[in-house]
Amino acid sequence: MKAFMKRFAGMSILFLALGVPALWAGPDQPDVAALLQRLDGMTNFTGDFTAEYTEISQHPGQQPAVYRHDVYRRDRDGAMTIIMRFPDAQKGQGYLEVDNNFWFYDPESRLFSHASLKQSWQNTEAVNSDFFRTTWAKDYAVESWSEGTLGIYPVYVVSVKGTNDQVTFPFKKIWVRKDIGLLLKAEDYSLSRRLMRTVYYPQYLQVGDHYVANRMLIVDNLNVGAKTELTIADVSTAPLPDYTFTKAFLQQVNR
Amino acid sequence: MQYIVLAFRNLGRQKRRSFLLGGAIAFGILVVTFINGFAGGLAGNLEQNFSQLLGGEIFIQGVEKKASGQRVELITDDQALEAAIADSRIPVRAITRSSTFVGTFFFHNNSAVQAVVGIDFAGSSPLRNRLSLVQGGFDGMADPEGIIIGQQTAQRLKAQAGDTVLVQLRTVTGQMNIAEFHVAAVSHDPGLSVSFAAYANRAYVNAQENLPADACQQIGILLRNPGQTDAAAADLSGALSRRVTLLPPLPKATGGNMMGSMLRQHNENPMGAMMADLMRQAGEGGYQGTRYRLSTINDILGKLELPQVIGAINGISFVILIILFLIIVVGVINTFRIVLNERTREIGTMRALGMQRGGVRSLFLLEALLLFLAGAAAGLVGAGVLMTLTSLLSFTPTTPAFLMLRSGHPSFVVSPAQIITPLLVVGIITMLGAWLPARRAAGLKPVDALAAVH
Numbered sequence: 397m398k399a400f401m402k403r404f405a406g407m408s409i410l411f412l413a414l415g416v417p418a419l420w421a422g423p424d425q426p427d428v429a430a431l432l433q434r435l436d437g438m439t440n441f442t443g444d445f446t447a448e449y450t451e452i453s454q455h456p457g458q459q460p461a462v463y464r465h466d467v468y469r470r471d472r473d474g475a476m477t478i479i480m481r482f483p484d485a486q487k488g489q490g491y492l493e494v495d496n497n498f499w500f501y502d503p504e505s506r507l508f509s510h511a512s513l514k515q516s517w518q519n520t521e522a523v524n525s526d527f528f529r530t531t532w533a534k535d536y537a538v539e540s541w542s543e544g545t546l547g548i549y550p551v552y553v554v555s556v557k558g559t560n561d562q563v564t565f566p567f568k569k570i571w572v573r574k575d576i577g578l579l580l581k582a583e584d585y586s587l588s589r590r591l592m593r594t595v596y597y598p599q600y601l602q603v604g605d606h607y608v609a610n611r612m613l614i615v616d617n618l619n620v621g622a623k624t625e626l627t628i629a630d631v632s633t634a635p636l637p638d639y640t641f642t643k644a645f646l647q648q649v650n651r
Numbered sequence: 217m218q219y220i221v222l223a224f225r226n227l228g229r230q231k232r233r234s235f236l237l238g239g240a241i242a243f244g245i246l247v248v249t250f251i252n253g254f255a256g257g258l259a260g261n262l263e264q265n266f267s268q269l270l271g272g273e274i275f276i277q278g279v280e281k282k283a284s285g286q287r288v289e290l291i292t293d294d295q296a297l298e299a300a301i302a303d304s305r306i307p308v309r310a311i312t313r314s315s316t317f318v319g320t321f322f323f324h325n326n327s328a329v330q331a332v333v334g335i336d337f338a339g340s341s342p343l344r345n346r347l348s349l350v351q352g353g354f355d356g357m358a359d360p361e362g363i364i365i366g367q368q369t370a371q372r373l374k375a376q377a378g379d380t381v382l383v384q385l386r387t388v389t390g391q392m393n394i395a396e397f398h399v400a401a402v403s404h405d406p407g408l409s410v411s412f413a414a415y416a417n418r419a420y421v422n423a424q425e426n427l428p429a430d431a432c433q434q435i436g437i438l439l440r441n442p443g444q445t446d447a448a449a450a451d452l453s454g455a456l457s458r459r460v461t462l463l464p465p466l467p468k469a470t471g472g473n474m475m476g477s478m479l480r481q482h483n484e485n486p487m488g489a490m491m492a493d494l495m496r497q498a499g500e501g502g503y504q505g506t507r508y509r510l511s512t513i514n515d516i517l518g519k520l521e522l523p524q525v526i527g528a529i530n531g532i533s534f535v536i537l538i539i540l541f542l543i544i545v546v547g548v549i550n551t552f553r554i555v556l557n558e559r560t561r562e563i564g565t566m567r568a569l570g571m572q573r574g575g576v577r578s579l580f581l582l583e584a585l586l587l588f589l590a591g592a593a594a595g596l597v598g599a600g601v602l603m604t605l606t607s608l609l610s611f612t613p614t615t616p617a618f619l620m621l622r623s624g625h626p627s628f629v630v631s632p633a634q635i636i637t638p639l640l641v642v643g644i645i646t647m648l649g650a651w652l653p654a655r656r657a658a659g660l661k662p663v664d665a666l667a668a669v670h
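Chain order of the listed sequences is A and B. Here the first sequence is numbered in the working numbering, starting from 397 and rising by one per residue. Here the second sequence is numbered in the working numbering, starting from 217 and rising by one per residue.
What the hints contain is simulated information worked out from the structure, not anything from laboratory work. Only a predicted model underlies this, so the values are computations on that prediction, with no experimental measurement involved. Careful, some of the hints might be misleading.
Stated by the list, open to error - Chain A is faced by these chain B residues, among others (derived, beta-carbon under 10 Å):
#1 Gly-285
#2 Gln-286
#3 Thr-320
#4 Phe-322
#5 Thr-380
#6 Gln-384
#7 Arg-386
#8 Thr-387
#9 Thr-389
#10 Gly-390
#11 Met-392
#12 Asn-393
#13 Glu-396
Positions of the beta carbon are idealized from the N, C-alpha and C atoms, including for glycine.
Using the sequences provided together with the hints, build the complete structure.
Laid out in structure tokens, this is it:
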């Protein structure tokens, strides 16, 4: 009898350890992998995308710096072109992402040089990849998740880890609205898991079936007081000529 | 022999004039030898100081191309390289391994950009002899997270030994990372290049760059005879080519602006600029595995445009030499013209007593030769004394030109050619200057010379 009781107690502990979380995870548990796919699907366009981006960057002890540029995207091909509009000193400079190569064009020297999507954008808290299509499902895997609220919105708080050593930020924590699956906040962590920057997405613009975060606030958690506010205007999904995603286009813009 | 005695006597008759002309020759030789010696010492000191700071006179850098096509600055397996070094039989004093990144340092609300070189501090690192510390000590590098930062970086961060700083960097694959370093010491900036580099432990730097702990990005070879760098590099290049894929040598610095821009991009660290250049080179062509490139301290000094600086000093020396030579040649011609006028009757007497034309000419030329020899000897001795006295001057590591000095002292190196060439030129010019008056003196008719009235 004693042996049976011991076995019963052991089985009960095993059941509690394995079974209860499984039950709890049951039908209400979101498919978090699908959540990442949904994020990509909502923000990446099937057709072409054009918009004017403005960044206002503030650093302690410095005057705010303003940058304005046009972004042309063809997400299905992984292509992007950026043309600088402001400040005047950088007007005409261009960037081209095509065939997994990121080029910088300097109209003064008329030369192209290799750049990286991982590089910081000008003297701001943004990185070049912030303007590019998202690759949540391909580049990140869920480490853990929980439920919470952010402001008035019930959210999933998901910790993700890079699936390769190519992603700019190896670890991220994201706050995703439960109802429509939009990203509201992201914390970007270094390889040593230190918080580097926090990105807020307070405002979205719906364009057809897709969403564009037309306001973003990027806070530098390392350089305290440094932040960049990013606004997106003149969004268009009109088809773009193939020529837009060529080096010749960057050269022609400056003629 | 008789002519030599006569020539000595003639020079002694006008002591002041001889002293001034010989002094001018001596001064010319002294200045040119001193400047040449300074330029020679400068080149040697820069080479030696940079070699110790960078851990080698010869460097091997590696770029590994992964299956994904991505290129990574990395040397994981150095057995083939070590075997090639052994094959080449070059005189190796020490082999160093290092990894480097450029990071942004943060301390409170202050930030500074600085290259960080990961080296092995255990044992007798050549860096210990070269790096002069303002605060802290090398003992602090026993801490795996220890770092030695430059004085200007420390001032910008308002950090000191014992503080913990955060450094934002990118891994070899470009990922963001933040590392925590403990400031073990603050070093004097070695001059020329502002805050040349911070130094940390290689294993910790590798961990931050996401490299294997025992890997490195560069192997440095310190030679027992640094003067033979190019010859040793050529031998090693041949040995390496037989064992690994060696990329073509580093392009020589041709455009000052381009190199300046490269160095600015890489925080004035020439190794960063060279690595960026290597990455571009290694990207060409489809291949797998690791490619290597051999470079020397002279390539780095070339990137820093130091040969141009030394060339400019040599150029100044040459211009001074020309000016001094002009003064000497004018002085010699005038002096011997005066001598000719003063001694016309004496020449007539000597000619009347049987001295041949050639004898008169030889006497004049012999006087010029003796004047030159005395001046040259005095100039060389003076230059030696001046160089010895100058090399006794001691400068602190805060001196902007500390990298040009040898352990804080100016040093001078004059090659035999740098001594012989000016001597030959001054000698020939002196003789040429004396030749015309000597010819005129030899051409005098005894009767006319004896009748001459002054």
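* How about Thr-380(B): closest beta carbon in chain A under 10 Å, or not? -> Result: violated, 13 Å to nearest chain A Cβ.
* chain A contact restraint on Thr-320(B) - CB to CB distance below 10 Å -> 8 Å, holds
* Given Gly-285(B) as an interface hint, is the shortest Cβ-Cβ distance to chain A below 10 Å? -> Constraint on Gly-285(B) satisfied, holds at 8 Å.
* Hint check: 10 Å Cβ-Cβ cutoff, Asn-393(B) to chain A -> 4 Å, holds
* To do: Let me know if the C-beta of Phe-322(B) comes in closer than 10 Å to any C-beta of chain A, holds or violated.
  => The hint holds - Phe-322(B) has a Cβ within 10 Å of chain A, the shortest such distance being about 6 Å.
* To do: Hold the hint about Met-392(B) up to the distance rule: shortest CB distance to chain A must be less than 10 Å.
  => Result: holds, 5 Å to nearest chain A Cβ.
* **Minimum beta-carbon distance criterion (10 Å), Gly-390(B) to chain A** => 4 Å, holds
* Status of the Glu-396(B) interface restraint (C-beta, 10 Å, chain A) -> 8 Å, holds
* To do: Under 10 Å, Cβ to Cβ, is where Thr-387(B) needs to be relative to chain A, so tell me if that hint holds or is violated.
  => This interface hint holds because 6 Å falls under the 10 Å limit.
* Asked: Quick one, is the Arg-386(B) hint okay against chain A at 10 Å, beta carbons?
  -> The hint holds - Arg-386(B) has a Cβ within 10 Å of chain A, the shortest such distance being about 7 Å.
* Please verify that hint: Gln-286(B), Cβ, nearest Cβ of chain A, below 10 Å or not. => 7 Å, holds
* Could you check if Thr-389(B) really has its C-beta closer than 10 Å to a C-beta on chain A? => 4 Å, holds
Of the hints listed earlier, the one the structure fails to meet is number 5.
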